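**Q** From just these sequences and the hints, can you work out the full model?
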Amino acid sequence: MSEREVLELLRENARYSTADIARMTDLEESEVEAAIEELEAAGVVRGYQAVVDWDKLEDERVRAEVELNVRLDRETGYDDIAERLARFPQVKALRLVSGDYDFDMEVEGDSIREVSQFISEKVAPVPEITQTVTHYVMTSYKENGIELGDGEDDERLSFSP
Amino acid sequence: MTFELSDRVQTVPPSGIRRFFEIAEERDDVISLGVGEPDFATPWAARDAAITSLEQGKTSYTANRGKRDLREAIADYVADRFDLGYDPDEEIIVTAGASEAVDLAFRAFVDPGDTVAIAQPSYISYEPGVIFAGGEVLPVPTYEEDDFRLTVEGLEEAGADEADMLVLCYPNNPTGAIMPAEDLEPIAEFAREHDLMVLSDEIYAELTYDGEHTSIATFEGMRERTIVFNGFSKAHAMTGLRLGYALGPAEAIGAMNKIHQYTMLSAPTTAQYAALEALDSCENDVREMVDQYDRRRQFVLSRFREIGMDVFEAKGAFYCFPEVPEGFTAEEFAEEVLREQGVAVVPGDVFGAGGDGHLRISYATGLEDLREALARIEAFVDERA
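These protein sequence lines are chains A and B, in that order.
If you count the first sequence from 1, position 49 lands on 49 in my numbering, and the numbers rise without skipping.
If you count the second sequence from 1, position 383 lands on 383 in my numbering, and the numbers rise without skipping.
Please keep in mind that the hints were generated in silico from the structure rather than gathered at the bench.
Remember, predicted model here, so these are calculated numbers, not experimental data.
Idealized CB from N, CA, C, for every residue including glycine.
Watch out, some of these pointers could steer you wrong.
[Unchecked claim] Covered, in the sense of this in silico footprint (three residues per stretch, anywhere, with C-beta under 8 Å from a C-beta of chain B), are these stretches of chain A: (1) 100-113; (2) 153-161.
[Said to hold, decoys possible] Label pairs and their computed distance ranges (CB to CB): (3) A:Ala14 to B:Asp69: 41 to 47 Å; (4) A:Tyr48 to B:Arg47: 29 to 35 Å; (5) A:Ser111 to B:Ser15: 57 to 63 Å; (6) A:Gln117 to B:Lys58: 52 to 58 Å.
**A** Below, the structure is given as structure tokens:
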């Protein structure tokens with residue numbers, strides 16, 4: 001159970017120090033370290049990343065959600081297609097989904113041109129892909145459970161009964 | 001003309017934390033651990049229900065005692081969570097915050113000259129409430145060596161056997177102390193033996209981290225002499241919606257309703273819709289918030305121990321109650337740490353007998369702020385060591 005608790009805290013904020021997590025869970029620091037090591041070794045924790053509000057930066061960052069439809073044959077399954085697509089560094093997330101299309105792909109690039117070229121030159125020509133529908137992200141309001149934009153000030157009284 | 005204040009109003013001193021507000025306002029980098037309210041927003045489903053009720057134009061008064069369906073939901077909730085059985089028609093009243101309910105009870109049951117024993121340290125509004133009702137306050141101090149639990153010895157020493165009423169608040173604001181069933185039992189016996197009416201403020205009941213909350217009204221012979229207060233401010237993060245309730249025998253709730261119907265008329269209607277939804281569908285939100293508070297509690301307790309300040313092992317509410325280091329009064333510590341480090345804490349003295357030499361630290365604040373505030377307190381303590 002402590003492993004689960006550690007995992008929840010890391011998901012909340014991966015920058016919590018082991019000391020912080022130990023204090024919050026009433027575990028020893030060494031136990032927290034061991035739990036994290038185990039989670040990493042078992043491949044449960046695959047990495048740590050910052051949640052970025054790109055709108056706050058001057059540099060342009062273009063992101064798109066791409067719907068992909070594919071045609072399978074005896075030789076090629078979803079996993080084969082996914083493996084091929086996931087290798088592209090422009091692909092930030094790739095998920096097989098139920099519904100009107102097969103894959104949901106998140107793509108990032110420095111410009112609309114770059115993203116468009118990637119989709120038309122690298123993705124669309126994959127023989128099994130029958131259709132791509134690209135949605136450019138205009139504004140992001142929430143990422144990885146974190147709300148973006150200006151945080152509200154704490155308007156509570158500085159003292160209250 | 002000059003306004004001649006009533007003796008009752010003149011008797012009550014200004015709030016002990018007013019001076020600190022002014023100091024806090026001088027700086028813009030203050031981290032406040034002085035706030036007795038959740039830093040979470042009301043669960044979305046409850047807010048949405050409030051919005052929908054407004055869109056539908058549900059902006060009239062409700063029944064004086066509160067919407068019937070809300071009273072039914074409250075009856076089901078307290079039965080399920082705290083083993084309390086109350087009839088929604090006769091034994092429940094919905095009020096504008098638990099504070100209104102407490103005030104109604106003082107006005108309904110305290111006559112001039114009546115003595116109201118208050119287990120202290122405690123929420124700062126009970127004492128003025130008694131005085132406004134014309135009663136006299138009998139402080140019953142509790143002490144850290146007893147885990148800030150009320151004891152029969154404490155009641156006897158204070159002379160509470162002669163009192164008319166006893167006020168309890170567990171889990172406690174400001175200490176975070178709880179009263180497990182085995183500690184409440186002798187208090188219940190004392191109340192029965194000396195014919196004390198009991199006002200039991202259980203607004204922090206959901207925020208119990210070690211075991212289950214027990215209400216004193218569940219003991220034999222106590223239901224008929226107890227008014228239980230609860231509400232949506234703390235566990236459901238609805239402070240600004242102002243919604244509380246009282247549970248008690250029909251005759252007592254009827255008396256409180258008499259005052260309520262001439263003063264408040266009915267609790268805010270929008271808030272009642274939010275509360276109904278909160279009980280109906282926000283149990284998981286409450287659990288998540290309680291988990292967060294528990295983690296922060298452990299963090300704060302552990303940090304105070306590292307800093308070298310003795311701290312009481314709070315097991316309820318969202319406060320902890322460390323002792324100030326030697327050489328300070330609580331007030332001096334609170335003022336200096338606010339001026340020098342920009343950390344707002346409340347001196348324990350303002351909560352009455354037994355609170356001196358302590359600080360109330362609210363951990364209803366994000367972990368980043370808690371970490372920074374405790375680092376500043378540590379720097380302050382180290383400098384003075």
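**Q** Could you run down the list of hints and mark each one as holding or not?
**A** Hint check results:
Against chain B, the stretch 100-113 of chain A contributes 0 residues with a C-beta closer than 8 Å to a partner C-beta. That does not satisfy the three-residue criterion, and the hint is violated. With a cut-off of 8 Å between beta carbons, the stretch 153-161 of chain A has 7 residues touching chain B; three or more are needed, and the interface restraint holds. Taken as a hint, the range 41 to 47 Å holds for the pair A:Ala14 and B:Asp69, whose Cβ atoms sit roughly 44 Å apart. Judged by the Cβ atoms, the range 29 to 35 Å given for A:Tyr48 and B:Arg47 holds: they are separated by roughly 33 Å.
For the pair A:Ser111 and B:Ser15, the supplied restraint of 57 to 63 Å holds, since their beta-carbon distance comes to about 59 Å. Separated by about 55 Å at the C-beta atoms, A:Gln117 and B:Lys58 satisfy the suggested range of 52 to 58 Å.
The structure fails hint 1 only (numbered hints given earlier).
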